[in-house]
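J.: Each chain is listed here by its residues.
There are 4 protein chains.
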Amino acid sequence: MIAGDMYEMSSHSVSNIVQRGGTILKSARSKEFMTIEGREKAHKALVENGIEGLVAIGGNGTFTGAMIFEREFGIPTVGAPGTIDNDLYGTDYTIGFDTAVNTALDAIDRIRDTASSHDRVFFIEVMGRDSGYIAIQSGIAGGAEVVMVPEVLTPLSTVVDTLRQGWSRSKSSSIVVVSEGEEEGNATEIANKIKAQVNVDVDIRVTTLGHIQRGGSPSARDRILASRLGLGALEGLMAGQKNVMAGIINDDLVYTPFEDTIRLPKPINEDMLRMVKILSI
Amino acid sequence: MIAGDMYEMSSHSVSNIVQRGGTILKSARSKEFMTIEGREKAHKALVENGIEGLVAIGGNGTFTGAMIFEREFGIPTVGAPGTIDNDLYGTDYTIGFDTAVNTALDAIDRIRDTASSHDRVFFIEVMGRDSGYIAIQSGIAGGAEVVMVPEVLTPLSTVVDTLRQGWSRSKSSSIVVVSEGEEEGNATEIANKIKAQVNVDVDIRVTTLGHIQRGGSPSARDRILASRLGLGALEGLMAGQKNVMAGIINDDLVYTPFEDTIRLPKPINEDMLRMVKILSI
Amino acid sequence: MIAGDMYEMSSHSVSNIVQRGGTILKSARSKEFMTIEGREKAHKALVENGIEGLVAIGGNGTFTGAMIFEREFGIPTVGAPGTIDNDLYGTDYTIGFDTAVNTALDAIDRIRDTASSHDRVFFIEVMGRDSGYIAIQSGIAGGAEVVMVPEVLTPLSTVVDTLRQGWSRSKSSSIVVVSEGEEEGNATEIANKIKAQVNVDVDIRVTTLGHIQRGGSPSARDRILASRLGLGALEGLMAGQKNVMAGIINDDLVYTPFEDTIRLPKPINEDMLRMVKILSI
Amino acid sequence: MIAGDMYEMSSHSVSNIVQRGGTILKSARSKEFMTIEGREKAHKALVENGIEGLVAIGGNGTFTGAMIFEREFGIPTVGAPGTIDNDLYGTDYTIGFDTAVNTALDAIDRIRDTASSHDRVFFIEVMGRDSGYIAIQSGIAGGAEVVMVPEVLTPLSTVVDTLRQGWSRSKSSSIVVVSEGEEEGNATEIANKIKAQVNVDVDIRVTTLGHIQRGGSPSARDRILASRLGLGALEGLMAGQKNVMAGIINDDLVYTPFEDTIRLPKPINEDMLRMVKILSI
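Residue numbers (the UniProt record's numbering), protein chains in the order written: chain A, 1 to 281; chain B, 1 to 281; chain C, 1 to 281; chain D, 1 to 281.
Since the hints were made in silico from the structure, they are not lab data. The structure presented is a predicted model; accordingly, all values stated were derived computationally and were not measured. Watch out, some of these pointers could steer you wrong.
The list treats identical chains as one, so a pair stands whether inside a single copy or across any two.
[What the hints assert, rightly or not] For lysine to any residue, the following SDA-like pairs were computed, each having C-alpha atoms within a straight-line distance of at most 25 Å:
1) Lys41 x Asp92
2) Lys277 x Asn16
3) Lys26 x Lys44
4) Lys266 x Asp92
5) Lys26 x His12
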């Protein structure tokens, strides 16, 4: 946008991309857009190309930039929530979350396949710096023994107790899913702390999924969500909306002001947390 | 149940099964249960084993049987909706649907990979005898040019017109997703009829997915849904519910009388149908 | 080539394509190249662009065209075997075969997941008009009860006997993998004939995989094979080879004259056929 | 074996397991078998159960134990090579390797999907403590810029140079595949060392795949290899072989003395190493 690198798209422009991971736009965080000079350039390029509105895909950073841009230059933006963390207020799910959960789940499944001895513990670190959604959903779906998330403090002593209970009932290996943003540190640190607290014969292994959760062919649900929200954002923009994010809540399209999506925390589903506890018994 | 083949389950009984397709119960349709003699045997076996309530996983056939059984013998049942077709009133989604859609989508993606010449049409038959849910969702997610479902009559002339439009804009191959219950016949029949209506140089290929949609490791969403509904059915039963199906509507657990789930049709999502049309342009 | 639609490629041209199914070249069968006029145009375009040699990816049709072209115009070609059927003499495996087998196998696995009743038979039609490689390898890997291939006549009575044996030992459902080129017809026809020969209570289901076997992200082995053969074809061409196909036999790069790859049949592995029989018992 | 926990298997015992990862035998390393008392117990149990020969699936540790056991008690063993590292002399491939490579490749693909900015480097640590096979094959197949393996010293300065070359040609993100047994340390350590050597603005991310490479539904090739080697081991044993490992070399079944499989190093394929270099340019 700043470079004025634009072209008109037709249905042909998006043929054969629906199954691909990543972005064909090659868009990324822009430091220049955080400066008034950068935004002036962007505005100039938009005006020259006759662009009167924007659809921005992203999270709070993206939406904050869009709000400032609108205030300064009057170009309206409607947002679509694109982040794998599912931590945006104003929509039940964000684009990319379902795919990320299934990727994390696939990793948990593969590790469970190798679970033959009862005194081995696997730590799997999943994404979600401020949000435990990926950890909770992949943990429930994968039958993890423990799920550690930023929203709820899980004392290491509780983790040790749960693992000990599993060992005493001669369960097979245990799996602990850790959100990268856990207060106790990342999976490797937590694993080391746990190792120090229990007897040395426990074999502890760590898997850090990292960016593999950001790629891969999108799931059906993510594609449908993206189609609905893309259409919703566009139709919102054409109907005069601005500074709002299109979201799906209870299967209905809703527009939430950027201010709210940025300010309000997305509550964690208590039902899910309860299920984590029941399933770990 | 009729054979009295029962054993007590612990958390150990379900260890390492969450990732598997199919059923570990090896349950199937029973003709004997449709007779009063069969149900008497089943009742006797339950009483002998001290069983006072049932959780039944299935669709309308299963729930009808459970209602009759309760009326005759007073054994209460709470149902969990298990069918890939997603055609049950009383829940947004049924267990197995999300996995089936992703399986159908994977097939569509693979076929699209081979789409190099513009005068080839692929017909893909998906499941859903009375319900177009799988066809619509996999069709939207896969970017199909045409989706044919039982709920809406799609005249063959419309299909031909849409395909012709694609050809004239020198699109690559076209994909038509057909629900097995389509009025015009199955995919092979429809493909033959279309072939007869257009010029002979069009190359038409048919894929019939069949039972591959019923298997495979369940998706994250299906496992979470199954966990919630299994828990919901059990807690409903313990709280005195009977002749109801546990479902999730708008992310809340709800109990719907069997009579309603059996009698009421599940409406097709108009928003989705609209999106099919927009995307096919 | 005929249209002169060419551009110079760098390593950049192939960045981010290794994981994709299909072809980025959008090449396809050309009727025009089968005429002398077409080939003259192609030659002219090559000369104009300073092209002195070709690497052709394909099978016998492609290589026949290349031989004729070389005879007429002296442009040398080295071939790379690209066909999912693995029916080319001069290489142990062809590019695409391993991916196709794994796709067929995934379908067999999913169907086996649903195999709960012992009187159901699944027929799965896989590709291979003149070659049973996909059927045999996916059949062995998937534990099919019967594999029917073009190279070996499997009388329907033998199929019926094998299925009956399975039923009598109260096995779960049976799976029959059928090569599309089977003498007895395609899977649907064979299924109907079998149904007519056995008692009517048998439930027979058919899956026709079709073009889904041609797409999908290539397997590791296919990508490595393609890398080795692409490099081998190029280096062969630069070393003065022509009218030969690059292949890998016993892990060594070999060049086989087009005449041989076209004329000589690829023998079916007897060891594999024997294994099919042992596993079906 | 030591506990005498044995039962007779039929074809029924292995029905519906071919698609599963992990082991249904729940066998694992045994410290007791490393003592003469443990082996005496095992021998006693075998004699009591009328067992006259063993098929052992594993690597050098397993085969060493089998040799000692045979020397002491005269129970012959034929081995089948089961290790994902593919580091056994006497067979082209070991059971599990192809699946592990495809799992690592899937991770590389997903990470490449996210590769939008040119100054980001992804380090992916794959298994192979003493062997770079997984790293090399997944690296070639995934188009990695650098592959670091235990067999060949890759100085960090070379890695830095290759990465710098990529940046200067404005390539997208770079991927470095590291074998866990790399002399320079594990992926996290190497990443930190690299970061210290280049300018601070490079964004370095690490993924440690760990045990996910040991699980998952086996690939077609692994299942076929396992079927051939299982049959080969059994037929070898019945034909009087002992202290040998069944392997496939150049598509032929061969028996290699345990002494050789244990003593001789498996050479790394020079052709593959050369290809890694070519592709990284």
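J.: Decide, hint by hint, whether the structure agrees.
T.: Results for each hint:
1. Lys41 x Asp92: Neither way: Lys41 and Asp92 sit 35 Å apart in one copy and 47 Å across, limit 25 Å.
2. Lys277 x Asn16: between (43 Å within a copy, 18 Å between copies)
3. Lys26 x Lys44: Intra 21 Å, inter 38 Å, cutoff 25 Å: intra-copy only.
4. Lys266 x Asp92: Both, since 9 Å and 22 Å are each at most 25 Å.
5. Lys26 x His12: both (18 Å within a copy, 15 Å between copies)
Consistency note: the structure conflicts with earlier hint 1 alone.
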